[in-house]
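J.: Make the complex out of the two chains shown on their own, each in a separate frame, by following the hints.
For the protein sequence lines, the chains are W and P, in the order given. For what it's worth, this note's numbering labels the leading residue of the first sequence as 1, then goes sequentially. For what it's worth, this note's numbering labels the leading residue of the second sequence as 1, then goes sequentially.
Note that these hints are calculated values from the structure, not bench results. Note that the structure is predicted; figures quoted are calculated from it, not measured. We treat Cβ as the ideally placed atom computed from N, Cα and C, and that holds for glycine. Check the hints yourself; a few may be wrong.
To spell it out: a stretch of chain P is covered by chain W in this simulated footprint if at least three of its residues, at any positions, have a beta carbon under 8 Å from a beta carbon of chain W; those stretches are [said to hold, decoys possible]:
no. : region
1   : 7-18
2   : 221-227
3   : 237-243
Pulled from the structure, derived: some chain W residues nowhere near chain P, Cβ distances all over 10 Å [unchecked claim]:
no. : residue
4   : 108
5   : 178
6   : 473
7   : 479
8   : 482
Taking lysine to aspartate or glutamate pairs in the EDC-like style, the calculated list, with each CA pair at most 20 Å apart, reads [claimed, not checked]:
no. : chain 1 : residue 1 : chain 2 : residue 2
9   : P       : 349       : P       : 114
10  : W       : 260       : W       : 227
11  : P       : 349       : W       : 345
12  : W       : 213       : W       : 458
13  : W       : 213       : W       : 345
14  : W       : 260       : P       : 245
15  : P       : 6         : W       : 345
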Amino acid sequence: MSDLLVIDGLTKAYPGVVANDGVSLAVAPGRIHALLGENGAGKSTLVKIIYGLAAPDAGRMFMRGREYSPASPSDARRSGVAMVFQHFSLFDALTVAENVALGMEDPPPMSHLARRIRGLSEAYGLPLDPGRVVGGLSAGERQRVEIARCLIQDPDLLIMDEPTSVLTPREAESLFSTLRKLSSEGAAILYISHKLGEIRALCDGATVLRRGKVVASRDPKTTTEAELAALMVGGEPPRPGRAGRAVGAARLVIDGLAAKPLSPFGTALKDIRAEVRAGEILGVGGVAGNGQDEFFAALSGETASDPAAIRFDGAPIGRLGPNARRGLGILCAPEERLGHAAAPDMSLVENAALTGMRRENLTRRGFIDWRRARSFSDRIIERFDVRAQGSSHAARSLSGGNLQKFVIGREILQRPEALVANQPTWGVDAAAAAAIRQAILDLADRGAAILVISQDLDELLEISTRFAALNGGRLGEARAVEGLTMERIGLMMGGSRETEAERADSR
Amino acid sequence: MIALEKRPEPSSFWRWVAPIVAVALTMAAGGAMFAILGKDPTEAIRTIFWDPLFGPFAAHDRPQLLVKGGPLILIAIGLSLGFRAGVWNIGAEGQYILGAICGAAVALAFYPLDSWVVFPLSALAGGLGGWAWAMIPAILRTKFNTNEILVSLLLVYAAEQLLASASLGFLRNPDGAGFPGSRNLSRYDAAANREILEGSGIHWGVSAAFLAVPAAHALMTRHRVGFHIRVSGESPRAARFAGVDPNRLTIFCLGVSGALAGLAGFFEVAGPAGQISIDFNAGYGFTAIIVAFLGRLNPVGITLAGLLLALTYIGGEAAQATMGLPAAAIQAFQGMLLFFLLGVDVLTKYRIRPARRARA
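Looking at chain P on its own, in the form it has when it is part of the complex (with noise of 0.2 Å):
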């Protein structure tokens, strides 16, 4: 038999290992999965994490690592916050489809204007509209102590209801020939979210991706807002005691996730996506729980997973047009590396002992 031991400290090197041992022991049971769906393993671990960045259509694949690593660690960053004080959004994908709603409904309502501020208004509205979403969560836990991770999870069927009428209806194109889906927003000129440079993959979400991780790095290490939150998520009594409003602070940490996953939704939808449609969001609102939890809940840790899971993304396409496999074994897969972590992260914290027969 054995035991668990708690460290004196937790082990900074299990911490940033542990992800890899997680990679590794995921490739290792996705491919026996694999094997069990009768594909071959070492060919579909080939095609979803070689052939993307390597393969012969790299030079397309690699930029698409940033379009859609962008969302992910847009969203995973405003995560992270909330996850690092205790407070557990697992609804940023609908605050992503009710950014995305809000900010196409904007940019909609401006067309066919060709002015500059229509992005920024749109992104606005985008960035407010998740923002509300998480504030129902938010509001209601501090006021009736309801929990958060259901409220918020339930809240993303609200919001895919909500997605699939506007898509069908309040924000159908009125040119669409009766098809359900908006405007094409990335051919309206003053709404799409274009690429900055052209063929490098970065639209303004994946730029703003970039500037939340320095942000983020910078409130967490540097600001009173970040120690506090992550003295409320070590210790929530030791943080009232340092005088923390946890109220205020489950706002704050509901609200910034809420805003980043409602403007990722909104770049989405006006760039990669280009329409609001029943089913425009890829689930990255799911996604990015993962990257935030695979990147140790650090903003360094986290571009690295947005780009892995990214990467899970393409390569998974591409398996399953090239092998036939089915798309639930890809979100399989892509499970399966949140579980090894959360197993092997034990080890940060404890120490495995042979047990002995110990009574004190």
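One chain only, chain W, in its complex shape (with noise of 0.2 Å):
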């Protein structure tokens, strides 16, 4: 059998990051491969330059044994590449045909459209009505919109990108004799995800990417999970953590925490149990979307929750807003710089005055003083060596790595009792994210409770004390980081159900 797809040393690199680090795989008709890989390992990067969103910097790609470099997703249709996003690219307005119609080069009349629309979604157990207007259908009805703007074009080879993420069980499996049908009638399938059971259950082969390598090729109907999750994220045995710490009583306590999705796409949190004790460092680790933005809202207070659900020192601090929690201690650094760490057109003292208003006296009667908030930033970009032409220019003329050490600067010298940091070094080069990790260290030296939220493993089992991980809105069990193994940590992540097993096991 000849392989469709032949994948042959692909490079690509970004600023600061080589994205894809000589990657080869091929995929044949008439199977499902998985791309396999942690967030950032490079799956992403990969299906962009198949897809033709992007050119390598070196390596070569084969469709059906001749040359293939697309130029334009439109290049890649026409070579039979179809791709569903993650995010879906669909007009809330238009009726599903219309949308299906939009994605083609050459679309026909409606009413044919329409039929054949009806005869696809019979074919392969995609249930969809042509007529109806996208904006009133779920996620998983949209996501079929998706999958039959690409089958309408026959292709032979589709790109699924984390296509569960925004199913239900029932949806995804539904997805799953979908696509199992497009197989059996010879189409290739390159499926990406970080969820090892589905992966186990749908794909004929597994290529693992990990740091933009490819680790591992492996077959995942005889390779068990956790395997695959060791090679997933790194089979290195942890640090050396920070063993022999005092701590303290428990400071930062969230007790049945709950909160709505921040947005469509987000993740709703269920009962989080967690405790953060002083000069402890709880590291929440966990694949992206899984509950991470609403989970560091709630801690901010950007989002109101229960009174009681968290507590700080014993006081009950969920209605508190986010300024009444800075006047207790409680500092917050969010993942997004810009736009919501920072105002990207303010200034940096202004960006400063942003949160540190309160625990820096930088008000007199309601009126700010902007000596104090210059001075203030000053002392963040010296301390915290940010590369600025000054603190008169605005946050986005900052490089990202910069900008991250002015946010995470400007929380940690107004002298937090607890810091809640998500993704504290993403982004920022090897120095400096050794610079933040050690001032959060600090931090947690004096006493303070801290609790990082990253998808950077290494760097949660570097400065936590315990771990745990965060999981379809749920947080599993801490456990203390010192002789936690890279296998368990990835069935932590995965939250599957040997997990819930195992647990019982060892209690």
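T.: In structure tokens form, the structure reads like this:
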């Protein structure tokens, strides 16, 4: 059997990161091939290259034996490649058929198209009414529209990017039968996911990516979930943590926290329980989109929750807004620098005042003392080695890493009693990341309670005292980092049934 | 082909040059429009922009600049707070009308009492009337998430109906021989909005505008509330993170702009307009939107823009009288100003580059 698509040594670098480093793999007709890896492992970059959205720096691709280098998605579609993105690109105000027509190079008349959509939906078990307006459809139905959009072009290769992230389990099951039917008819499917269970159930082959490199190719049917998890997160043993540090009384207590999703694709939080003690760093891992944003917003006070669901030093603070919490010493550093942690077009002085107003005493009877704000901003720049042309420049003019240093520094310099940081070293170079981690460790030494949400497992293992995984809006049990194996962490993050079973065993 | 490329920082050069370019473009396009209407474009432009300031009747026209600019500036200052916070009050015209009705109603209720309290009480009622009218979109937005642009705009038409029924009904001059319109407030000494300096054009409304300018400037640059307004406009999520309550801010911004528009309405009806009549309102509430944007939502800029738009009113009237230009042409001219300004404004955040066929 000859391969449909062969990828040979693809390399693609973005400033500061090699997203794909000599990646090779092959996809054969009639097979469902998994592309497996953590966030940031390079999966998305790879499929962007295949779909003509990005050009590789080096390496070649072959389609049906011929050299393949699509310059655009429409090039890729002409070669028989179709892709369903994780985030849909549908027009809410248009009908299903109209949306499908918009994705076609040369759409047939509407009535004809509606008939074809009905035909497809019967043949592949994709219940869809071509006349319905997309705005009223559920996420699962929307995905079917996207799939119908692809199938109507009769693709030889279908790329699915994290398709089950927005589906209910039942919808996922019906998606799998559609995909199996497609592959039995000879289509090749490249299936991107980090959910081990579904990959083992669905895929015939798997390529595991880690930090842009292919680390293994396995048959998922004969490989255990634990082994796949270890491959995905890297088998290295965790670095020495912070063993022997004295940990005090519980300071930040989360007790039965529930929250609604922040956006249509967000995740509801369900009954989260955790405590962070003085001098302790609780690392919260998990794949993005499992409730991290909602968890952060509940802790920062941007969304209010049940008063007693969050307590600090015994006082219920669930109802308090961000500034009242800052008054108590609970400081937060969001993941998104531009537009959340900082206002892009405002100066660094103004951005320093954004959260520093209260603890740095920047106001006198409601009026802001801009001289003090400037000196606070200058202090952040100096202390955290922020490369900026000066405090008067807009936050947007800083590089991502430098702005990250600024917004983390802004919180750390305000002497937090508790610090909640979401992806504190995201996009920061190694030296700066080490400095930020050291600053967080120093804070813990001074008795602060620290909660770090991150997708970087290495980072969590390096600084955390205990580790818990956020999965589908639930926070797993926190375990001491000491003695945690990568295998177990992978399972905690995957939240698979075996984890529950293992937990039962270990009790 | 050309492409727009986002600047790393907004250009402060273009921020202030854009209005000047927009005025120049408006003069060119407006001139073309006048030419199509069969009028001499240079004469029309001269009549509108030059003669009121330096022409033979300038001595009469110059104080008028303040009389007309005052309410524009006062309303635009209020609007600018909301516009910077992303709260779009488009219905200042309605709040202006309600302020006029409420202020006039209180003044007329005292008629013919001659006491110094009448004027301040009426002014207060005017401010409250505008404020209350603005609270309707504010509450609908904060409670039911309706769009304040639509609600405030549609309330203008409701306000115009109220104005008609006031001048034909409950505020009609009982001694007016059945003509529509209220008693003439400018002839009721206790309530009249007089010139503070004879012949200068500076009445109480103008001085209120000149007080509002530095107050708004201090609020926006020095006060926490102004800072919160600016952060909310720049980045709502960052504002939330900073602890700004978006609902309270919406109510504050709509309230202030409504109250200032209402005050302007009372000052107008008790002064230059003189009485509540079906059409006393000269569209200041809408023109103030242009003033606010032309002035870069900055108090000082708004002062200059208010005077410029006042000039187009005065010059426009002159052009109607002497050249027979239709009134609609003047409104179109004012509209062009906003149109070109918003167009040129792209240059503050973006720069124009020849497009490369780039595909990364």
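J.: Has the given pair, residue 260 of chain W with residue 245 of chain P, been kept, meaning a C-alpha gap of at most 20 Å?
T.: Holds, at roughly 19 Å.
J.: Taking the closest pair, is the beta carbon of residue 479 of chain W still more than 10 Å from chain P?
T.: 31 Å, holds
J.: Between the alpha carbons of residue 213 of chain W and residue 458 of chain W, is the straight-line distance 20 Å or under?
T.: OK: residue 213 of chain W and residue 458 of chain W at ~17 Å, within 20 Å.
J.: Would you mind confirming whether the straight-line C-alpha gap from residue 349 of chain P to residue 114 of chain P stays at or under 20 Å?
T.: Given that 20 Å is the threshold and the Cα spacing comes to 56 Å, the pair is violated.
J.: Taking C-beta pairs only, is residue 473 of chain W more than 10 Å away from all of chain P?
T.: 21 Å, holds
J.: Test the statement that residue 178 of chain W is away from the interface with chain P: the closest C-beta pair must be farther apart than 10 Å.
T.: Holds, because the least Cβ-Cβ distance between residue 178 of chain W and chain P comes to about 32 Å, which exceeds 10 Å.
J.: Over 10 Å from every CB of chain P: does residue 108 of chain W meet that, or does the non-interface label fail?
T.: 29 Å, holds
J.: Test coverage of the region 221-227 of chain P by chain W using CB-CB distances below 8 Å; three residues minimum.
T.: holds (count 5)
J.: With a Cβ-Cβ cutoff of 8 Å, does the region 7-18 of chain P contain at least three residues near chain W?
T.: holds (count 3)
J.: Could you grab the alpha-carbon distance between residue 349 of chain P and residue 345 of chain W and see if it respects the 20 Å cut-off?
T.: Distance ~10 Å between residue 349 of chain P and residue 345 of chain W Cα, so the pair holds.
J.: If I take the minimum Cβ distance from residue 482 of chain W to any residue of chain P, is it greater than 10 Å?
T.: At roughly 34 Å from the nearest Cβ of chain P, residue 482 of chain W sits farther out than 10 Å, so the non-interface label holds.
J.: For a C-alpha distance cap of 20 Å, please report whether residue 6 of chain P and residue 345 of chain W respect it.
T.: It holds: about 12 Å lies between the C-alpha atoms, which stays within 20 Å.
Hint compliance for this structure: hints 9, 10, 13 are broken, all remaining hints hold.
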